[in-house]
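The task is simple: from the sequences and hints, build the whole structure.
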Amino acid sequence: MGIQGLHGLLKSIQKPSHLKKLSGQTLGVDAYGWLHRGTVSCAIDLALDKPTTKHIEFALNRVRMLIYFGVTPYLVFDGDNLPSKSGTESDRQKRRDESKKLGLELYRKGRMAEAQQELQKAIDVTPYMARQLIEELKNMKIQYVVAPYEADAQLAYLERQGIINGIISEDSDLLVFGAKRLISKLDQHGDCIEINRSDFTACRDISLIGWTDADFRRMCILSGCDYLPSIPKMGLKTAYRNIRRYKNVEKVLRMLQFEGKYNVPADYLDNFKQAELTFLYQRVFCPKEGKLVTLTPLDDGVKVEEMPFIGADIDPEIAVGVACGDLDPMTKEPINLKPSTAGRLTTGITRRQTLSSTADLKPNKPISSFFTPKRVPLAELDPNSLTPSPSQQRLLERHANNSWETSPAPSQPSVTRSSSLRLSLPAGSPMVRSVERESFLARAARISTFQSAKRQRLCSDADEESLPDLKERRSRFFTSTDEQSPSGQKITRTKKARKSDFGVFSDDVAEEIMSQLPDVVAPTDSAKESASVAPGTNGSGDSSLPTTSPDPTNPSEAREETGQDTQATVSTEPSDDSNATQDSTQQTTPTTFVNADSDPELFNRVLEFHVQKQNSALLSKHTFKGNTNSTSSAHKGVSANKPTMRQGPGLKPSSSSPGLSRAVTQLKGQRLTPLQRLGQNALTKSRSMDRLGARTPVTGPRDSGYESDFGAGRPPVTTRAPNHRGSEDLLVPNSDDEDGDSRDNPRPNQPSLDLKRFSFTPK
DNA sequence: AATCGGTCGAAAT
DNA sequence: TCGACCGATT
Numbered sequence: 001m002g003i004q005g006l007h008g009l010l011k012s013i014q015k016p017s018h019l020k021k022l023s024g025q026t027l028g029v030d031a032y033g034w035l036h037r038g039t040v041s042c043a044i045d046l047a048l049d050k051p052t053t054k055h056i057e058f059a060l061n062r063v064r065m066l067i068y069f070g071v072t073p074y075l076v077f078d079g080d081n082l083p084s085k086s087g088t089e090s091d092r093q094k095r096r097d098e099s100k101k102l103g104l105e106l107y108r109k110g111r112m113a114e115a116q117q118e119l120q121k122a123i124d125v126t127p128y129m130a131r132q133l134i135e136e137l138k139n140m141k142i143q144y145v146v147a148p149y150e151a152d153a154q155l156a157y158l159e160r161q162g163i164i165n166g167i168i169s170e171d172s173d174l175l176v177f178g179a180k181r182l183i184s185k186l187d188q189h190g191d192c193i194e195i196n197r198s199d200f201t202a203c204r205d206i207s208l209i210g211w212t213d214a215d216f217r218r219m220c221i222l223s224g225c226d227y228l229p230s231i232p233k234m235g236l237k238t239a240y241r242n243i244r245r246y247k248n249v250e251k252v253l254r255m256l257q258f259e260g261k262y263n264v265p266a267d268y269l270d271n272f273k274q275a276e277l278t279f280l281y282q283r284v285f286c287p288k289e290g291k292l293v294t295l296t297p298l299d300d301g302v303k304v305e306e307m308p309f310i311g312a313d314i315d316p317e318i319a320v321g322v323a324c325g326d327l328d329p330m331t332k333e334p335i336n337l338k339p340s341t342a343g344r345l346t347t348g349i350t351r352r353q354t355l356s357s358t359a360d361l362k363p364n365k366p367i368s369s370f371f372t373p374k375r376v377p378l379a380e381l382d383p384n385s386l387t388p389s390p391s392q393q394r395l396l397e398r399h400a401n402n403s404w405e406t407s408p409a410p411s412q413p414s415v416t417r418s419s420s421l422r423l424s425l426p427a428g429s430p431m432v433r434s435v436e437r438e439s440f441l442a443r444a445a446r447i448s449t450f451q452s453a454k455r456q457r458l459c460s461d462a463d464e465e466s467l468p469d470l471k472e473r474r475s476r477f478f479t480s481t482d483e484q485s486p487s488g489q490k491i492t493r494t495k496k497a498r499k500s501d502f503g504v505f506s507d508d509v510a511e512e513i514m515s516q517l518p519d520v521v522a523p524t525d526s527a528k529e530s531a532s533v534a535p536g537t538n539g540s541g542d543s544s545l546p547t548t549s550p551d552p553t554n555p556s557e558a559r560e561e562t563g564q565d566t567q568a569t570v571s572t573e574p575s576d577d578s579n580a581t582q583d584s585t586q587q588t589t590p591t592t593f594v595n596a597d598s599d600p601e602l603f604n605r606v607l608e609f610h611v612q613k614q615n616s617a618l619l620s621k622h623t624f625k626g627n628t629n630s631t632s633s634a635h636k637g638v639s640a641n642k643p644t645m646r647q648g649p650g651l652k653p654s655s656s657s658p659g660l661s662r663a664v665t666q667l668k669g670q671r672l673t674p675l676q677r678l679g680q681n682a683l684t685k686s687r688s689m690d691r692l693g694a695r696t697p698v699t700g701p702r703d704s705g706y707e708s709d710f711g712a713g714r715p716p717v718t719t720r721a722p723n724h725r726g727s728e729d730l731l732v733p734n735s736d737d738e739d740g741d742s743r744d745n746p747r748p749n750q751p752s753l754d755l756k757r758f759s760f761t762p763k
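The first sequence runs contiguously to residue 763 in our numbering.
Calculated directly from the structure, the hints in this document are not laboratory data.
Please note that a few of the clues may not be correct.
Straight line, CA to CA, 20 Å or less: simulated EDC-like cross-link-like pairs of lysine to aspartate or glutamate [as the list claims (entries may be wrong)]: (1) Lys54 with Asp124; (2) Lys121 with Asp91; (3) Lys233 with Asp267; (4) Lys288 with Asp313; (5) Lys303 with Asp313.
Taking CB as the label site, the calculated pair distances span [to be verified]: (6) Glu306 with Ser434: 27 to 37 Å; (7) Ser434 with Glu105: 25 to 35 Å; (8) Met330 with Val264: 46 to 56 Å; (9) Asp270 with Gly110: 46 to 56 Å; (10) Lys94 with Glu289: 31 to 41 Å; (11) Met431 with Gly5: 48 to 58 Å; (12) Asp91 with Lys185: 23 to 33 Å; (13) Asp91 with Asp191: 12 to 22 Å; (14) Asp300 with Arg95: 12 to 22 Å; (15) Thr126 with Lys20: 29 to 39 Å; (16) Glu306 with Gln257: 20 to 30 Å.
Glycine included, C-beta positions come from ideal geometry on N, C-alpha and C.
Structure below.
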């Protein structure tokens with residue numbers, strides 16, 4: 001499902017790519033998707049309960065393909081249904097049953113094509129299938145994990161932790177969960193498209209400049225998502241416009257009701273909050289800690305007890321069992337592979353005999369197994385055993401050597417064991433199991449150490465200093481390789497650190513002021529209901545908030561977005577740099593916000609101070625590296641491992657304020673893909689514009705948030721060197737964004753921008 | 001202009 | 001199941 005039309009909306013930033021360009025990276029895979037696709041080829045067999053492994057084979061072929069192209073796969077399986085989704089699930093089951101009935105009828109009549117068509121709809125991917133696949137993955141030493149609940153959340157988590165560098169999935173929900181890098185439409189040749197979150201600002205269809213993850217998430221939820229159907233007539237575009245105007249959902253809903261064109265259900269707001277909290281805090285399995293954690297660290301004031309919909313916590317013992325595939329994620333009972341239950345030999349034979357012999361090609365499946373000297377004879381009879389071809393085996397081994405070297409646990413029985421043997425012999429023994437689980441955890445928690453060799457060579461720190469223009473030389477076709485932060489945390493911190501440079505700039509000033517009125521005039525109702533699930537975004541974010549969010553229309557930091565108690569956020573994190581900044585600066589002023597209109601000078605001073613403070617913070621932080629662990633520190637943003645942030649030589653002389661100019665430098669001082677550069681340039685403009693006229697959020701660095709900020713996460717780069725010559729990298733798409741933005745943001749003079757860079761439009 | 005409902009073909013082999 | 005596409009509707 002996901003978000004209807006999101007892919008279409010983001011079309012302009014979808015980048016055609018190929019697996020080979022992702023070589024060296026670890027990519028998370030929504031395994032369910034592969035299994036499901038695999039069932040297409042054997043829907044009839046599955047519906048008839050004929051043993052087949054075509055769907056497993058399909059997934060394995062995908063795995064092998066990834067490996068072939070140098071990508072390290074990390075498969076993530078769906079687990080239990082979220083409590084809130086149980087209703088949906090029974091509906092689906094009903095539909096499946098109907099399809100099955102219909103399909104089987106067609107089958108009896110011999111209308112195979114139609115039967116196949118219909119039965120496809122009847123197939124459910126079961127934990128058992130997952131288990132079968134997992135057995136093979138174990139043999140191949142492929143990383144995997146079974147999510148306690150949704151694979152999407154799990155994938156997003158793994159990416160944030162730096163365990164994977166990107167996510168292969170068709171599901172646009174991943175972006176709502178905060179995925180940074182989504183790889184979709186992967187075909188059998190390795191062609192795919194890539195969506196980088198950091199490119200969001202370059203989106204042509206809608207301008208996401210200045211948006212936070214929270215804004216984006218709200219837009220998506222508003223337009224309808226798995227957790228909450230949309231208000232009729234509310235699609236992505238309208239959701240976009242509304243979030244853009246009003247920034248917070250309470251306001252949107254109020255305006256919608258006011259207009260009368262939309263029918264907003266009474267409980268919509270509550271449900272909305274639930275949905276958002278689910279996107280934020282759904283429980284996932286942390287392979288490092290061997291237990292369930294929330295996708296996003298809990299903010300102060302957020303209580304898990306109040307959020308049953310994020311999925312129940314599970315005893316670590318069981319959680320690990322589920323995660324490694326031993327236990328059924330729903331029943332928590334052990335999953336038995338059929339062949340291992342009573343003696344797979346007999347079972348296998350029996351099954352085969354039972355089948356309409358000709359149709360059943362399974363025995364022939366593991367053809368490759370005949371070439372595998374290592375195979376244990378018994379395994380040949382196991383229809384569930386799939387083994388890589390000799391060449392694949394070699395690849396796998398090489399691969400395994402490459403990627404497992406740091407595995408701490410003296411892992412695993414020998415590779416040579418067939419799955420059936422493994423299962424039959426040791427499965428019962430708790431000791432063996434615990435050893436296996438340990439090694440499973442060690443493997444599953446392995447941080448991707450991906451470093452692009454090429455990039456290292458070209459763009460080491462030293463290189464960056466001496467050859468600042470190198471970074472400009474990077475082809476857009478190699479942008480993937482610059483996502484090379486060894487750990488997700490670094491990325492996260494970087495983003496967070498930079499977050500403060502961005503605010504949400506509502507471009508429609510008049511509307512904003514308008515939208516703000518109701519709150520000021522009447523501190524409204526929402527304050528009360530806010531007490532329930534989450535203290536109202538509205539109440540706190542708007543009128544009653546003493547410190548943060550200087551701009552009421554700009555409540556959207558990652559933290560507060562769920563409607564958490566912003567006040568708590570502020571007060572509980574006084575030590576955070578960002579808040580310190582605020583506190584020490586003008587926050588002494590009782591006013592909730594400073595705006596450039598009312599007090600331009602103060603505003604500028606605040607901005608200046610803020611930017612400088614941050615710069616120095618970044619610089620100092622940068623002095624130490626390492627310490628990349630600890631989710632919580634990443635979360636709190638206490639010690640951002642920000643890569644060097646150098647002042648580029650090219651300070652724009654024309655930048656009107658020193659602070660701004662620094663900000664500009666900082667913006668440019670990132671290693672950016674062309675798309676990102678484009679977006680950031682636009683942002684720069686929009687920013688300077690805000691400074692010139694519009695009310696500008698002077699929000700301090702928004703403390704922490706789990707992450708956010710679309711244009712970040714890149715190692716630094718100094719300002720561009722003016723002297724490029726014809727590398728394709730210099731060909732930055734001259735987007736319509738520029739114009740598109742201007743429609744919303746009347747553009748002020750901005751002589752400092754070198755627009756020549758945009759004079760060419762590739763494609 | 002955008003949403004929404006319908007149909008169709010592809011997915012895999 | 002998903003998307004791309006069409007046409008009706010608001």
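To see whether the hints hold, each was checked on the structure:
1. Lys54 with Asp124: Since the Cα atoms of Lys54 and Asp124 sit roughly 15 Å apart, the hinted pair holds (cutoff 20 Å).
2. Lys121 with Asp91: holds (13 Å)
3. Lys233 with Asp267: holds (17 Å)
4. Lys288 with Asp313: holds (17 Å)
5. Lys303 with Asp313: holds (13 Å)
6. Glu306 with Ser434: 27 to 37 Å: holds (35 Å)
7. Ser434 with Glu105: 25 to 35 Å: violated (49 Å)
8. Met330 with Val264: 46 to 56 Å: Once the Cβ atoms are compared, 35 Å apart, the range 46 to 56 Å for Val264 and Met330 is violated.
9. Asp270 with Gly110: 46 to 56 Å: holds (53 Å)
10. Lys94 with Glu289: 31 to 41 Å: Given range 31 to 41 Å: holds, Cβ gap about 38 Å.
11. Met431 with Gly5: 48 to 58 Å: holds (52 Å)
12. Asp91 with Lys185: 23 to 33 Å: holds (28 Å)
13. Asp91 with Asp191: 12 to 22 Å: Check failed, 35 Å falls outside 12 to 22 Å.
14. Asp300 with Arg95: 12 to 22 Å: Given a distance of about 43 Å, which is not inside 12 to 22 Å, the answer is violated.
15. Thr126 with Lys20: 29 to 39 Å: holds (33 Å)
16. Glu306 with Gln257: 20 to 30 Å: Distance hint for Glu306, Gln257 holds at roughly 26 Å.
In terms of the numbered hints stated before, the structure departs from hints 7, 8, 13 and 14, listed from lowest to highest.
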